[in-house]
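Full structure from sequences and hints, please.
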Amino acid sequence: MLDQAIHGRVYLLGDDVNTDLNCSGKYLPGKDEAFIAAQAFEAVAPGFAARFVQGSVIVAGKHFGINSSREQAVHILRRMGVAAIVAPSFGRQFFRNAINNGLPVVECDVSGIEEGDSIEVDMAGQKVGVASRQLTRPLGAVPEAIRAILREGGLIPFLKKYPDWKITA
Amino acid sequence: MGSTLAEKLLARHAGLPQVRAGDLVVAGVTFAMVHDARAPNTIRMVEKMGAKSLPFAHKTAWVLDHFSPPPTIEAAQGHTAMRKFADEHGSVLYDIGDGICHQVLPEGGHLTCGDLIVGTDTHSVTYGAFNAFGTGIEGTDVSAVMATGKVWLRVPESVRVVLKGRLQPGVWAKDVTLHMLGKFGAEGLNYRAIEYVGSAVEAMEIDDRMTLCNHAAELGAKAALLEADGKTLAWLKAHGAKTPAPLSADADAHYADRFEIDTLQLAPQVARKHAVDDIVSAHEVIGQKINFALIGTCTNGRLDDIRQAAAVLKGKRVAKGVRMIITPASRQIYLAAAREGLIEALTEAGASVEAAGCGTCVGITNHLIPGDREVVISSANRNFQGRLGNHDADIWLGSAATVAASALTGFITDPRTVAGGQWEASHA
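The listed protein sequences correspond, in order, to chains A and B.
For the first sequence, this note's numbering gives the first residue as 10, with consecutive numbering after it.
For the second sequence, this note's numbering gives the first residue as 752, with consecutive numbering after it.
Source of the hints: derived by calculation from the structure; they are not laboratory data.
Computed from a predicted model, the values in this text were never measured in an experiment.
Where a beta carbon is used, it is the ideal one built from N, C-alpha and C, also for glycine.
It is possible that part of the hints are untrue.
Heads up, simulated BS3-like pairs for lysine-lysine below, C-alpha to C-alpha not over 25 angstroms straight-line [unchecked claim]: (1) B:Lys835 to B:Lys803; (2) B:Lys993 to B:Lys982; (3) B:Lys810 to B:Lys988; (4) A:Lys169 to B:Lys799; (5) B:Lys1071 to B:Lys1024; (6) B:Lys799 to A:Lys175; (7) A:Lys169 to B:Lys810; (8) B:Lys803 to A:Lys170.
Some chain A residues near chain B, calculated using beta-carbon distances under 10 angstroms [unchecked claim]: (9) His72; (10) Ile75; (11) Gln102; (12) Ile108; (13) Phe167; (14) Lys175.
Right, here's the structure in full:
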């Protein structure tokens, strides 16, 4: 999947979005993932989950996913059908969890990208673009192993295929 | 060009002659930790992986510390599942009351200099105090570690922080980190490895060095690393660790940044309510009333922290209306504090000493629920609004000495202004 670029509608979120508060069961004990997904980001963007269309891209501010090391936050985003997240920086553990669960996360300057834009995230081509705004942002090189983990849908399917971590394809 | 300490450690475990910041490595893990807040997810991921065997599960410790004691049936059931898992797979189990993961791993002799240690907790950076690369991972990662012995890591950029001079009596590693949080902001060193060096680090005892590395999690650090010295080696030997194989940075290593802090000038610091990076010196806020005092957690629940509290409170009483909880970071610390008479002194002073664990830090045990508009001064690492179960209460952070001095007076207090507040570990 990731050798091809991801195209989707942009949903904006701000800086320092703490997924612990907005996207995990920590403060909603006993609630299932479907319920939590329906409330996701409610505190910072009312109605977000209801508006969000499967296959779309979240474009967020700096430190997306800080303070939370809960993998569940990524499970919720996968359940919502988030195709990729673009932000200037991520919380370290959130970044790991996203890759381990097959959710593409890329770091770049997001200034000028607006809600509702049609965005292209091209990891192989190392760029993010919004054609309607003639906007292109470079991405750092994504190591082959990360691309392989994402291509297989996460670390567990990756290790089922490559139990010794050696990428043969 | 030479290598940073982080690059050296990760190259060793990746089996490569050299690695550079930004490289992705698959590295062999020495030992891993799973605590009870992440164990249910880890067990789910193990099931999802469907591995026939987990050949590296015996190199993991399963630690029951967050839900200790379990406040719900669900948590108790989680513990039952952890005990069963550890039994079946030969993992090391630390049960309720044994202590906090980041304390029991080094105390149990599970790590030594030069190791790669991963744990399901952001404060796994603590192990850097022993010249080991310690970092946080989640359930999927640790499942992969148990199955393959390996983890993927992006080699971090490093920042070298020189702590010049020497901390003055009454000033601790906690104050250094709070000062840095004020300077860089929360997550201000996101993804980076911090190498702490300098005369102030050399002068610190192991307990304070663990605080220094532990609290780097709030700066966003992926690792916080110290070089090994005689104190490190003696401590590890006393705790039954394997033969250490220390590493140090090369003189010509590349750092993303370098900073110097003159520790002689540093005063006791506090983080004001709701933000770990809203930092002032304690003496700037001396009129601030407090209602609750907590000494404990993986950041400041060690023996020297409890000694700081006892030095201030022995033979005294906490201020009228102030409640105080002491939570030793481990059973070993609890026992040592009891043998030294610290538990007795603090209990007589009006504190309640609870069994080792970390649930009180994050509001899981419900042992410390502040009332509306009440103020907690805590030696913990985080003070987000509502962390202790009441959104209408405030949490401030400071060293154990600052917390104890504040409990004594009922107001945020610079420990250097009260008797015993200048107690020094090296003179113990």
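Hints and how they fare:
1. B:Lys835 to B:Lys803: holds, 17 angstroms
2. B:Lys993 to B:Lys982: holds, 16 angstroms
3. B:Lys810 to B:Lys988: Holds, at about 20 angstroms.
4. A:Lys169 to B:Lys799: The hint holds at about 10 angstroms.
5. B:Lys1071 to B:Lys1024: Holds, at about 22 angstroms.
6. B:Lys799 to A:Lys175: It holds: about 21 angstroms lies between the C-alpha atoms, which stays within 25 angstroms.
7. A:Lys169 to B:Lys810: holds, 22 angstroms
8. B:Lys803 to A:Lys170: holds, 15 angstroms
9. His72: The hint holds - His72 of chain A has a Cβ within 10 angstroms of chain B, the shortest such distance being about 5 angstroms.
10. Ile75: Since chain B brings a Cβ to about 6 angstroms from Ile75 of chain A, closer than 10 angstroms, the hint holds.
11. Gln102: holds, 6 angstroms
12. Ile108: holds, 8 angstroms
13. Phe167: Result: holds, 9 angstroms to nearest chain B Cβ.
14. Lys175: holds, 9 angstroms
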